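Asks: For the protein sequence lines, the chains are A and B, in the order given.
Residue 493 in the numbering used here sits at position 493 of the first sequence; the count goes up by one each step and never skips.
Residue 328 in the numbering used here sits at position 328 of the second sequence; the count goes up by one each step and never skips.
Simulated from the structure, these hints should not be mistaken for lab results.
Hints should not be assumed to be uniformly reliable.
Unchecked claim - So, partial list: chain A residues that the calculated Cβ filter (under 10 Å) puts toward chain B:
1) 84
2) 88
3) 90
4) 95
5) 98
6) 126
7) 166
Claimed, not checked - Derived DSSO-like pairs (lysine-lysine); straight-line CA-CA distance at most 27 Å:
8) A/307 with A/543
9) B/299 with B/280
10) A/31 with A/81
11) B/299 with B/411
12) B/335 with A/130
13) A/81 with B/151
14) B/12 with B/280
15) B/12 with B/81
16) B/151 with A/60
17) A/283 with A/608
18) A/81 with B/411
19) B/81 with A/374
20) B/299 with B/286
21) A/623 with A/589
22) B/335 with B/411
23) A/60 with B/313
24) B/55 with B/124
25) A/608 with A/589
26) A/87 with B/364
27) A/130 with B/364
28) B/286 with B/124
29) A/302 with A/543
30) B/81 with A/440
31) B/151 with B/40
32) A/283 with A/302
33) B/124 with B/54
34) B/124 with B/81
Nothing here was measured: the structure is a model prediction, and the numbers come from that model.
Even glycine gets a Cβ: it sits at the ideal position worked out from N, Cα and C.
Each chain, letter by letter, is given below.
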Amino acid sequence: MADLVKLTIDGIPVEAAPGSLLIEVARRIGKEIPAFCYYDGFSQVAACRMCLVEIEGIPKLMTACTQPVGEGMVVRTETPKLAEARKGTLEFLLTNHPLDCPVCDKGGECELQDMVFRYGASESRYVEIKHHHDEQQWSPVVYFDPARCILCYRCVRVCSEGMGVNALGVVQRGAYAEIAPNHTDHLECDECGACIDICPVGALTSDTYRYQTRPWEMNHVGTICTHCSNGCKTTLGVRNDQIIRGNNRDRSGINGEFLCVKGRYAFDFNESEERLTTPMIRKGGKLEPASWSDAVRFVAGKLKQLKEAGRQIGVVGSGRVTNEESYYLQKFARQVLGTNSIDHERSGDVVTLLDALAGRANALATVDDLYRAKAVLVIGSDLAHQHPLLHWQIRANWRHHAAHTYSVTAGPVREDQHTVAAIRAAEGAEMNALEQLRDKLSAESELAIVFGDSVKGEAVRQLVSFGDSLGIPVKYVCLVDYVNSRGAMDMGIIPELLPGYQSAAAAGLPVGLTLPQMLANEHLGALWVVNADPLRNTRLAAKEAFVIVQDLFLTATAQQADVLLPSASLYEKLGTVTNVCGEVQRLTKAAQTMGAKADLEIIGLIAKELGMASQMGPWITDKVFAEMQQVVAGYNVPLPVIATGGAAQTLPPAVKIGVETDPALIRSARDTQFTSGTLGSYSKKLDSLLESPGSLYQGENVLALATQ
Amino acid sequence: MLFNEPSPLETKVLTRRFGLPNSDTVDSFLANEGFAAFRKAVTMTPEAIIDEVKKSNLRGRGGAGFPTGMKWGFVPRNSPKPKYIVVNADESEPGTCKDRLLMQYDPLQLIEGMMISALAVGAKRGYIYIRGEYRYLIDIMDRAIADAYAKGWLGQNIQGTGFDFDVFTHTGAGAYECGEESALLESLEGKRGVPRIRPPFPAVAGLWRCPTVLNNVETFASVPSILLMGGEAWANLGSPRNGGTRLFCISGHVNKPGVYELPMGFNLMRMINEVAGGMKGGRHLKAVIPGGSSCPILKAEECDIAMDFDALKAVNSMLGSGGVVVMDETTDMVKVALRIMRFYQHESCGWCIPCREGTLWLKKILTRVEAGMGQRNDPALLHELANNMLGRTFCPLGDAAAMPTISIVEKFRDEFDDYIRRSPMASVAEAETEVPVGV
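Next up, chain A with everything else stripped away, as it sits in the complex (with noise of 0.2 Å):
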């Protein structure tokens, strides 16, 4: 590291590395330099001329989001000067603005406002007709207003830079030149809303948001997106229980300001009219409204003559709810229920991997690690259409660290952009073509490898030996599919194992059936589904079986239910989810649906309904996790990191997990960014971007046609 420069900044002298641009260590030490254009992270276009700072030594203002420090500089970021500088350029800024902040959706937590609040002119001098073009929508998500925009340039930045879509850039020129769209008057690119959160005015404004509310009506609650395993943090406005606004302007969370379409706009399944707000028993081949306490008293009776009569119970978790239902429910189930029959959808094969890194440490990637790796490979997956984040961090990584990307699919990727190797390769082929590669990745110092549910049983195996040598240290994620899908499986929700990879045979628990030998089984006395959706295409085999169903929605499963328990979906509630890295990161309550019930609380009502509530403990999120962080190996992690907000990994387990799962039942759903499976179907905006003519990313789509 070179030597650090001294410089003095407003009288304050700093310290800071060579290079480092004079508008990030004032920000250091406390002092604001006001700026639009500059968004650390993006190129520098120094367009807005806000962040003039004196130097002393220069007659010119200097730009501090382009300048670097240097030895003995001497640096005024507040002067008379300056301060009539920014007021002169706010004051050209607001000559073709409407100055509409009464309805504007930023008004209160505009950049611009801020700045004319703190630097501009009391009153205007401007009395020429403005400049005015109409708003335009682009998207189904997508409106801006030219008039509004300041011509920042962070939307084309965020878009090309950032997402790799290219898909807004600027038309004509001087006071005309404009933001357009890549498809004339529309845009065909992800929807991610990125362009969105990033304006500094209200220029682009979301279909969701527009004409809701105001900021300072809202609370702003930060939980985990709740569609895929990439375990997003999303910051909602909530408003009346609401769920309004989704975005992450804060930049807290392992994805800072990334959020891809579902994170920003599918929250409105949440609201859906179709949402079940009342329990439900079918009497006479028809589901009728029930009392909780008799729905839940019917389940338990149920359940308690089922198990008196030695039926066999079948139980079926999923990846969409908490980590301490998860393990509640297992527990429930092979505690109180007696049987191991529990299990759910599998997208990924965690468990091969942790059982050939067991006893290793550093062996699984963060989503921070994919950011900062040397070098990057791709296996088996498109990550921009199924894991967004993991490729919005592969591709930071490569704008800002020069990472060199490989990847080995079936067709072409968006990594593609800059990998220094691309290699296609058929489903299930990756292992052999990999070889290819072994020259290159031997030469890199260190790798991260993400994987896709192509490589599974001994092809896992066989990756890691790849990996081992390579001689280089290797980190792996293994791609799971829904928000708590990792945390399922290391809560135990299959037959083969307890919570923590424990082997169930060798704890003494009777086989269990898995999902398909549940849903095959003709003698099958009940069968619970926990927020799943497994007869979506199938039938059950056991047609006399007891059908208990807990669901936000009347699935195909829902429908075939004898007892029908609406449940709260992960906005409503507290616990923990576990993301495809590993990582806990903790909820929080955001919105309340009037009838619905978290799964948590379903199952502790049973329980205590079937006499079992002590042994079974509290059904309370803390208290769950306090026993999880006993029982569970991995999850003893640091309550602070979580309870701030933060992600902890868990690590692979100590020793070899020395149990076999069948690979054929690891199969992912393949969402896409606009298909989260149950509740992408029932988001109104994910479906309305579907059918919105050409308005799906058209760039690399081989892999992401969904497989459902």
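Given the coordinates of chain A, assemble chain B onto it according to the supplied hints.
Replies: This is chain B only, laid out in the frame that chain A set:
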């Protein structure tokens, strides 16, 4: 046919071959000292070439007047990247029409200058960025380039010297901004013509982020005669620190407007009265724009001045690109200010706020004043707004728009006041001027 009749007062150096028949052919060029400077340059070391250019006191003819030899010296010769020669032929400054003559009448002189520059910095490829409106010049340049290739004066191993050099023409798309060197490079790379953040300067990171020598047509065209005459002799043609001759484009209310090659430091009044044949109709001189529309205007009494970079800087104006616009007593200075601002408003690229919004606002005020709807405070407002742009824009276009406005308002304030006195808005009290007037 020549553009204008030459004047006996001219010092014909760059223009000495003007008017020769078949001037776009290598044969004609060779018969008239063509490539003699290149032949000399191949025998010299790169350092010696740069040294000769430094000695010549050649300063950039595009307008900024930066010493050319010094600029070439900034190119890192040991860089592993390819180096490029780029000619700025995006001649767009109002009042300036010299580069087009240099390309029309002696295209190979420019190519020879590029070749010498390439020898000096180790480049193998050159681009001539010609403004789109100069369609006919692209054809002339292309013909000259094709002939040079055919006769072995471009391409591989030129004339057995072992020196390789390729030249391409590239057309601009009609943007004044692309005459700014970094915007030119963006445009040449196929992108939107907006300026780049500098540093790094083109000498270090120019075309395709590689070391690049980027000079004006006239600058490159001066190089062969510098090598032929020797740097010092060439320098002595001009005034101290302002070497050589330059092409002055004299337009406006003079009897013989035209492009004249005169030594640097030539007196402006002599230029008007002796070279350009005096004021049209015997009217009185009122003002002169000395170097293209972006230069602060000179009042008649300031015009007894040596036309070089330093003398004009001393009176807070600029030599610029050599576009001398002469205005007589009938000239309406409010109309002049408006015409200039209409140009800059139209040409602002829109990248940065002060230039984008400032030029439009200034144009609107000037339009209103000129239409007889001026308000009492307008001259002061024009002056203040132009000053708010000055020095705060991303590239010099903002300054180019602000400087003439400031100088015209300062020096001809009474003409603005005359307009406003006749305006029905003149009596509007200042507090009420916030009401839109609907112009």
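Asks: Given the hinted pair residue 12 of chain B and residue 280 of chain B, is their Cα-Cα distance within 27 Å?
Replies: holds, 26 Å
Asks: Residue 151 of chain B and residue 40 of chain B: Cα distance at most 27 Å?
Replies: Given that 27 Å is the threshold and the Cα spacing comes to 19 Å, the pair holds.
Asks: Answer holds if the nearest beta-carbon of chain B is closer than 10 Å to that of residue 98 of chain A; otherwise answer violated.
Replies: At 14 Å from the nearest chain B Cβ, residue 98 of chain A fails the 10 Å test, so the hint is violated.
Asks: Holds or violated: is there a CB of chain B closer than 10 Å to the CB of residue 84 of chain A?
Replies: holds, 8 Å
Asks: Given a cut of 10 Å on the nearest C-beta pair, is the interface hint for residue 88 of chain A held or broken against chain B?
Replies: OK, holds: residue 88 of chain A within 10 Å of chain B, min 3 Å.
Asks: Taking only the CA atoms, is the gap from residue 335 of chain B to residue 130 of chain A under or equal to 27 Å?
Replies: With a Cα-Cα distance of about 23 Å, the restraint between residue 335 of chain B and residue 130 of chain A holds, given a limit of 27 Å.
Asks: Check the hint pairing residue 81 of chain A with residue 411 of chain B against an upper bound of 27 Å on the C-alpha distance.
Replies: holds, 26 Å
Asks: Mind checking the alpha carbons of residue 286 of chain B and residue 124 of chain B for me, to see if they're no more than 27 Å apart?
Replies: Measuring from Cα to Cα gives roughly 49 Å; hence the hint is violated.
Asks: Against chain B, is residue 166 of chain A within 10 Å by beta-carbon distance?
Replies: Residue 166 of chain A check fails; min Cβ-Cβ to chain B is 13 Å, beyond 10 Å.
Asks: Has the given pair, residue 151 of chain B with residue 60 of chain A, been kept, meaning a C-alpha gap of at most 27 Å?
Replies: Violated: residue 151 of chain B and residue 60 of chain A sit about 51 Å apart, past 27 Å.
Asks: Hint residue 90 of chain A vs chain B: min CB-CB distance below 10 Å?
Replies: holds, 9 Å
Asks: Below or equal to 27 Å on CA atoms is what counts here, so check residue 608 of chain A against residue 589 of chain A.
Replies: Holds - the C-alpha atoms of residue 589 of chain A and residue 608 of chain A are around 24 Å apart, at most 27 Å.
Checked against the numbered hints listed earlier, the structure breaks hints 5, 7, 13, 15, 16 and 28; every other hint is satisfied.
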